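Novice: My request is simple: use the sequences and hints to build the entire structure.
Here the sequence shown stands for residues 3 to 304, numbered as in the numbering used here.
Wrong hints could be hidden among the right ones.
[Claimed, not checked] In the DSS-like style, the derived pairs of lysine-lysine whose C-alpha atoms are separated by at most 30 Å in a straight line are:
hint, residue 1, residue 2
1, Lys148, Lys51
2, Lys147, Lys236
3, Lys290, Lys83
4, Lys43, Lys148
5, Lys43, Lys147
6, Lys148, Lys236
7, Lys51, Lys236
8, Lys290, Lys51
9, Lys51, Lys83
10, Lys51, Lys147
[To be verified] What follows is a list of derived Cβ distance ranges for each label pair:
hint, residue 1, residue 2, range
11, Ser39, Pro167, 35 to 41 Å
12, Glu154, Pro240, 30 to 36 Å
13, Phe133, Ser303, 50 to 56 Å
14, Leu99, Ile180, 29 to 35 Å
15, Gln122, Met179, 20 to 26 Å
16, Gln122, Thr82, 56 to 62 Å
Derived from the structure by calculation, the hints contain no laboratory data.
Fair warning: this is a prediction, and the values are worked out from it, not measured in the lab.
Even glycine gets a Cβ: it sits at the ideal position worked out from N, Cα and C.
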Amino acid sequence: MSKRFSKPSSTCLVVLVALMYMAGCSSNDPLLPLDQSQPPKLPPVSTMKMDLSFFASAPVSETSIQTGIVEQELLSQYPTKYNFINAAVRVLYVQLLVYAALEPPIAAFLVAAHSIPQQQPDGSWLWTYIFVDGDIEYSIFLRGKKLPDRTEWSMRVSSSDPDMPLDHFLWFEGEVMIDDSAGYWQFYEPADAMSVTVTSAEEVISETPGVPSVRIDYENLPGDTHMLAILVNKSGSPDEGDTVEFFESPALSYLEYHDVSEGLVANITWYADGSGSIEVPDYNNGEKACWDERQHDVSCSQ
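Specialist: Following this line, the structure appears as structure tokens:
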């Protein structure tokens, strides 16, 4: 947006000075020094994970999906719940596809958040958590730094595990708006080689390099409503470009999965009363299939 300036009149000058004074008194003035005396507020895990507890009652597990023992056996036991069970299978499949590599860093974030943070020389705050499993030690470093309108976050991990040694590996980083309205997380997977990063003339830090794997953008909306937009952005992955959109509100929720390699779009919607629907190309001839409040199959016109 362009702005044009002309020589202000005396009245305009008075108004301009008054506005500048009011802005200078504002607690949100980016020119004022930030209060770094307290650690930043930790973001809730709902900014990273989908709440799929609605499908907890489905007779489906991640193990059954991984072993392939799902549809025929289950559907023969629950012949009136085809639509609900099919939706549950697909929801858990998407969860496995996207979150299999994210569960460890998210779990590490939760345990690190229970440690006592220490302020660092640059004004940031560091949560440190050390876990020992036999001869293997894991060190988790969660860092948060306040900025005028947002907080920057990052989490690194070191491990003495001989099968996967890690040295200050960046597991994820992101930003959270001060008002919790929006933010993002970028997750990483370890690369195959070690690298050396020079941080200053006096200090050289060796760290495990990473490659982007999954990005999550989130938005909190009025009325206890929020959205997650999940993108598989690992270069060369067979799932690269796949997206998941998750919407949650008190009345209804939905998950929409886009498989770019297959050209497939799956939509699963569920409501607070227990009813819902599934619409995917390879089920019910691609037409919407519904279930009622008790998860029994019903016509979508009812």
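Novice: It remains to establish, for every hint, whether it holds in the given structure.
Specialist: Quick rundown of the hints versus the structure:
Of the pairs offered as hints, the one joining lysine 148 and lysine 51 holds, with about 23 Å between alpha carbons and a cut-off of 30 Å not exceeded. Of the pairs offered as hints, the one joining lysine 147 and lysine 236 holds, with about 27 Å between alpha carbons and a cut-off of 30 Å not exceeded. Between lysine 290 and lysine 83 the alpha-carbon distance is near 15 Å, which keeps this suggested pair within the 30 Å criterion. Restraint check: the Cα-Cα separation between lysine 43 and lysine 148 comes to about 9 Å, which is no more than 30 Å; the hinted pair holds.
Taking the CA atoms of lysine 43 and lysine 147, the gap is about 10 Å. The hint holds against a cut of 30 Å. Of the pairs offered as hints, the one joining lysine 148 and lysine 236 holds, with about 29 Å between alpha carbons and a cut-off of 30 Å not exceeded. Only pairs whose Cα atoms come within 30 Å are accepted, and lysine 51 paired with lysine 236 is accepted, the gap being roughly 19 Å. Simply put, lysine 290 and lysine 51 have alpha-carbon atoms about 26 Å apart, close enough for the 30 Å limit, and the pair holds.
Distance restraint check for lysine 51 and lysine 83: the Cα-Cα separation of roughly 27 Å lies within the 30 Å cut-off, and the hinted pair is therefore satisfied. Our distance criterion of 30 Å between C-alpha atoms is met by lysine 51 and lysine 147, whose separation comes to about 22 Å. In this structure the supplied range 35 to 41 Å holds for serine 39 paired with proline 167, their Cβ-Cβ distance being about 37 Å. Against the hinted window of 30 to 36 Å, the Cβ-Cβ separation of glutamate 154 and proline 240 comes to about 32 Å, which satisfies the hint.
Restraint check, phenylalanine 133 to serine 303: a C-beta distance of roughly 54 Å satisfies the suggested window 50 to 56 Å. In this structure the hint that leucine 99 and isoleucine 180 lie 29 to 35 Å apart at CB holds, the actual value being about 33 Å. Taking 20 to 26 Å as the suggested C-beta distance range, the pair glutamine 122 and methionine 179 conforms, at roughly 22 Å. About 59 Å separates the C-beta atoms of glutamine 122 and threonine 82, a value consistent with the hinted range of 56 to 62 Å.
Of the numbered hints stated above, none is contradicted by the structure.
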